[in-house]
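Number of protein chains: 2
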Amino acid sequence: MLGAEILVRSLVAGGVDTCFGNPGTSEMHFIAALDRVSGMRGVLTLFEGVATGAADGYARMAGRPASTLMHLGPGLANGLCNLHNARRARVPIVNIVGEHAAHHRRHDAPLHSDVEGVARPFSDWLRTAQSAATLSSDCAAAIAASRIAPGRIATLILPADIAWTDGGDAPPAPLAADTAPLRVSSARIESAARRLRDGRNTGLMIGGVALSERGLALASGIADATRCRLFAPMSNTRIARGSGRPPIARVPFAVDDAVRFLAGLDTVLLVGAKPPVAFFAYPDRPSLLAPPGSASIPVAEPEENVLAALSDLADAVGARPRPAASGAALGAAPDSGALTAAALAAIVAHHLPEHAIVVDESLSLGFTLYPATADSAPHDWLQMAGGATGEGLPLAVGAALACPERKVVCLQADGSGLYTCQALWTMAREGLNVTTVILSNRAYATLYGELASVGAQNPGRSALGMIRLDNPAIGWPDIARGFGVPGERAEDAAGFERALQRALAMPGPSLVEAVRTAP
Amino acid sequence: MLGAEILVRSLVAGGVDTCFGNPGTSEMHFIAALDRVSGMRGVLTLFEGVATGAADGYARMAGRPASTLMHLGPGLANGLCNLHNARRARVPIVNIVGEHAAHHRRHDAPLHSDVEGVARPFSDWLRTAQSAATLSSDCAAAIAASRIAPGRIATLILPADIAWTDGGDAPPAPLAADTAPLRVSSARIESAARRLRDGRNTGLMIGGVALSERGLALASGIADATRCRLFAPMSNTRIARGSGRPPIARVPFAVDDAVRFLAGLDTVLLVGAKPPVAFFAYPDRPSLLAPPGSASIPVAEPEENVLAALSDLADAVGARPRPAASGAALGAAPDSGALTAAALAAIVAHHLPEHAIVVDESLSLGFTLYPATADSAPHDWLQMAGGATGEGLPLAVGAALACPERKVVCLQADGSGLYTCQALWTMAREGLNVTTVILSNRAYATLYGELASVGAQNPGRSALGMIRLDNPAIGWPDIARGFGVPGERAEDAAGFERALQRALAMPGPSLVEAVRTAP
Numbered sequence: 480m481l482g483a484e485i486l487v488r489s490l491v492a493g494g495v496d497t498c499f500g501n502p503g504t505s506e507m508h509f510i511a512a513l514d515r516v517s518g519m520r521g522v523l524t525l526f527e528g529v530a531t532g533a534a535d536g537y538a539r540m541a542g543r544p545a546s547t548l549m550h551l552g553p554g555l556a557n558g559l560c561n562l563h564n565a566r567r568a569r570v571p572i573v574n575i576v577g578e579h580a581a582h583h584r585r586h587d588a589p590l591h592s593d594v595e596g597v598a599r600p601f602s603d604w605l606r607t608a609q610s611a612a613t614l615s616s617d618c619a620a621a622i623a624a625s626r627i628a629p630g631r632i633a634t635l636i637l638p639a640d641i642a643w644t645d646g647g648d649a650p651p652a653p654l655a656a657d658t659a660p661l662r663v664s665s666a667r668i669e670s671a672a673r674r675l676r677d678g679r680n681t682g683l684m685i686g687g688v689a690l691s692e693r694g695l696a697l698a699s700g701i702a703d704a705t706r707c708r709l710f711a712p713m714s715n716t717r718i719a720r721g722s723g724r725p726p727i728a729r730v731p732f733a734v735d736d737a738v739r740f741l742a743g744l745d746t747v748l749l750v751g752a753k754p755p756v757a758f759f760a761y762p763d764r765p766s767l768l769a770p771p772g773s774a775s776i777p778v779a780e781p782e783e784n785v786l787a788a789l790s791d792l793a794d795a796v797g798a799r800p801r802p803a804a805s806g807a808a809l810g811a812a813p814d815s816g817a818l819t820a821a822a823l824a825a826i827v828a829h830h831l832p833e834h835a836i837v838v839d840e841s842l843s844l845g846f847t848l849y850p851a852t853a854d855s856a857p858h859d860w861l862q863m864a865g866g867a868t869g870e871g872l873p874l875a876v877g878a879a880l881a882c883p884e885r886k887v888v889c890l891q892a893d894g895s896g897l898y899t900c901q902a903l904w905t906m907a908r909e910g911l912n913v914t915t916v917i918l919s920n921r922a923y924a925t926l927y928g929e930l931a932s933v934g935a936q937n938p939g940r941s942a943l944g945m946i947r948l949d950n951p952a953i954g955w956p957d958i959a960r961g962f963g964v965p966g967e968r969a970e971d972a973a974g975f976e977r978a979l980q981r982a983l984a985m986p987g988p989s990l991v992e993a994v995r996t997a998p
Numbered sequence: 480m481l482g483a484e485i486l487v488r489s490l491v492a493g494g495v496d497t498c499f500g501n502p503g504t505s506e507m508h509f510i511a512a513l514d515r516v517s518g519m520r521g522v523l524t525l526f527e528g529v530a531t532g533a534a535d536g537y538a539r540m541a542g543r544p545a546s547t548l549m550h551l552g553p554g555l556a557n558g559l560c561n562l563h564n565a566r567r568a569r570v571p572i573v574n575i576v577g578e579h580a581a582h583h584r585r586h587d588a589p590l591h592s593d594v595e596g597v598a599r600p601f602s603d604w605l606r607t608a609q610s611a612a613t614l615s616s617d618c619a620a621a622i623a624a625s626r627i628a629p630g631r632i633a634t635l636i637l638p639a640d641i642a643w644t645d646g647g648d649a650p651p652a653p654l655a656a657d658t659a660p661l662r663v664s665s666a667r668i669e670s671a672a673r674r675l676r677d678g679r680n681t682g683l684m685i686g687g688v689a690l691s692e693r694g695l696a697l698a699s700g701i702a703d704a705t706r707c708r709l710f711a712p713m714s715n716t717r718i719a720r721g722s723g724r725p726p727i728a729r730v731p732f733a734v735d736d737a738v739r740f741l742a743g744l745d746t747v748l749l750v751g752a753k754p755p756v757a758f759f760a761y762p763d764r765p766s767l768l769a770p771p772g773s774a775s776i777p778v779a780e781p782e783e784n785v786l787a788a789l790s791d792l793a794d795a796v797g798a799r800p801r802p803a804a805s806g807a808a809l810g811a812a813p814d815s816g817a818l819t820a821a822a823l824a825a826i827v828a829h830h831l832p833e834h835a836i837v838v839d840e841s842l843s844l845g846f847t848l849y850p851a852t853a854d855s856a857p858h859d860w861l862q863m864a865g866g867a868t869g870e871g872l873p874l875a876v877g878a879a880l881a882c883p884e885r886k887v888v889c890l891q892a893d894g895s896g897l898y899t900c901q902a903l904w905t906m907a908r909e910g911l912n913v914t915t916v917i918l919s920n921r922a923y924a925t926l927y928g929e930l931a932s933v934g935a936q937n938p939g940r941s942a943l944g945m946i947r948l949d950n951p952a953i954g955w956p957d958i959a960r961g962f963g964v965p966g967e968r969a970e971d972a973a974g975f976e977r978a979l980q981r982a983l984a985m986p987g988p989s990l991v992e993a994v995r996t997a998p
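Heads up: the protein sequence lines correspond to chains A and B, in order.
Each residue of the first sequence is one higher than the last, beginning at 480 in the numbering used here.
Each residue of the second sequence is one higher than the last, beginning at 480 in the numbering used here.
Calculated directly from the structure, the hints in this document are not laboratory data.
We put the CB at the ideal spot given by N, CA and C, even for glycine.
Warning: the hint list may mix true and false statements.
Which stretches of chain B does chain A cover? Using the computed rule of at least three CB atoms under 8 Å from a CB of chain A, they are [stated by the list, open to error]:
| hint | region |
| --- | --- |
| 1 | 522 to 534 |
| 2 | 635 to 646 |
| 3 | 727 to 741 |
| 4 | 852 to 866 |
Isolated chain A, as found in the complex (with noise of 0.2 Å):
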């Protein structure tokens, strides 16, 4: 059997089923196993940062990793950005990244590099498979590295002459149980609970698998119970939220609004979540956002058992998980007028799909859209976590491929989704069920506020010439329609809201230019 069967049948015996690709010659081997081994669905994209973005979204779902397959240094370098989204969200992805033959590596051939060197800032873990006889060892160690709770990112890098070399019959190697996350320690959960019954000014910030159903029923019944104040990061894998649920607030991206609504903690308690650090430093602004003097305190780190802490945490204070609630009505939304920020948010919340995907992309406008949407019918809620724009579209690839039977709301900022707009066509040729919702302002209108916050006030010709994306506008429905998703636009109120159900109503994708002409 050859390099190239060995691991895409250990890839299937290891419960990655999925490959998002872009591949080149030295891949080839492994595109032609995809035929001699069954259960491995290929899924071509047009761009090596859609793959990896898919394949991020894809985990999330689905709970276990997809793999990517990509071509030599560079393709892996056009996928790296979504890498780093990927391992910011903690999730399991199996990189699969071809290489020249050993023997061809010496002689400098144009696309020669550092692939390992490429691979290693945004890896957590990384093998050169050897020989095709260890190639399904490397694979199994690849996949068990990665499911590493909460998930890591594992990149195998394929010689191509191991690829095509026969490595033997031998079954795929075993692949290793998948190691508990460890229980946090009574005397950690004792001092935790200590905090929260002694004073009011007490936060807990929750993270990760506590922002599931399970996860926030306890932290709330902590608030509940004890009255402290609870909330989640600015950027987050995956919410459960919507009518019924319990809601939860996030800290601010802008520095002075999270520092307000951090203040007046002295205590935050940590569980699955890192200490609150703004995204970005400026001039005389704090890094850390927990008012001076206060206590960040780990009680469960993102890679330690997560519920089994919060689940102790509420059995030390005598709190009980909060029950589901009947959902608050959804305020009426507006059916003419502008199509200003609250308009717009206000529909999506009312047209929201039960059980949608809500991929939050959304930047400047997010803090608008995530509020309204509290009560709108349960949904997961699903945001780039690295800060690092251009994955909203690919990850609704990957989570409609994983969630086929549920439909998957694109929220993407304008100037982030031309980052990636190829995704687009992946959802039309595999007739994935998303609808995407291009919020435009036809501006990078982050950076707006970010000129200012850095003390470049009144910004001139040409420091607007590199944020304004006014000159020529993007034509988002040519684009969608060039890629084989059926797309509108959008520029009062009353016309998203009939776009948007249009779009909802179809099967596979489509996409609605939502172009805001009031703030």
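Given the structure of chain A, go ahead and fit chain B onto it with the hints provided.
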């Protein structure tokens, strides 16, 4: 003066007056400085790979570096693929990469990464600025490093706190004078001349600046005098060609073709070129393409004085530069029938404007287009030099900015063009004089041959699904329109000729999708 202003001023003082950028928060001071310091043209791109590829195209035509501006590790990662190509093209580029403020890095904020680690695999020179006061000398060192002949990739990482700190008002640090490339010793020239005089089985392979008008006249004169075989590598930074100029053949891409092309040579003399090597390794095929037992002898390394070496070699063999010839007449272009490869090439050849800059990322069609245009109006021919697809459209952006008075004709394969299709928007925004011809075969057509070459015959449905782009077909005119570029589709010879003429007559950017319906 703030660090960011010092940096912009130092770039301009060092002759770097164009900046292709994709900024984020950490670059806001640099952006603001564009209004405070005169002389720098900021060019916004929608994706970092467009910025780096444009800087490559700019350097090829302007003969001096542009700068790029990228955002932290993930932004730089997006630009790496075309930095790989630019590095292989041996052009000068000065990358400015924003980084978090020093005091912010220790908090592992969401966008934190090992920026130096990301930059290293594709940078020849790399430094993180340490203070605003030394920023001007950092910048001068980066520019000087980039200008080491023929050109290098220099990456200067700019922490945000250094950009916003006052660094005094000292004048820009002086730029070190360029070091002249080393002149090849007369012993090496004489040894090469002996090889040329001794036998007819000698090949002269020339690259880099040897493919300029002057270099080609010298090399062709040597070939005329000695009957050696003259040729160029498969991929080249820039070739001066067209009517009246000496034609030059290139080593074919396919290994078997390349081996046949070089068969019979006992010596390959290398002037500004490396020994001919296959792009990829294949089972039972050689990596080195020259006949086994033949000698590949470097006469002038790409970093040495290549033109002087050719001139000295011509003197040593008593050759004179070949005088400009009157060009041969072009065959008539077909005005009806199917849009075959030959018809497409003939039509392009016929209508190529005088002094056009041709960007060739034509891949599977390239070896039809290249010979067909040998007697077109005089033009420059630019290729992606590193084999990493997705540089054609960005190269066209940069070349058009460097030479606004010339028409750029971008011959772009469809699959490859999709990697960086966002470049079309920058063409529209800047009103660039670029006519893009999309060579649409609705597949990664090169990979059909590559599948067979690696021994993977008769691809099945899964393999073909990772290679074909026909379901759905890409609507290039729609995508172009979405980015503000007028586009149309042609599906037969007559239609293509009319569309191409219309496009070439238009000022500013235009696009023709040439769908090949026959081989």
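Consistency of the hints with the structure:
no. : hint       : result
1   : 522 to 534 : holds (count 4)
2   : 635 to 646 : holds (count 3)
3   : 727 to 741 : violated (count 0)
4   : 852 to 866 : holds (count 3)
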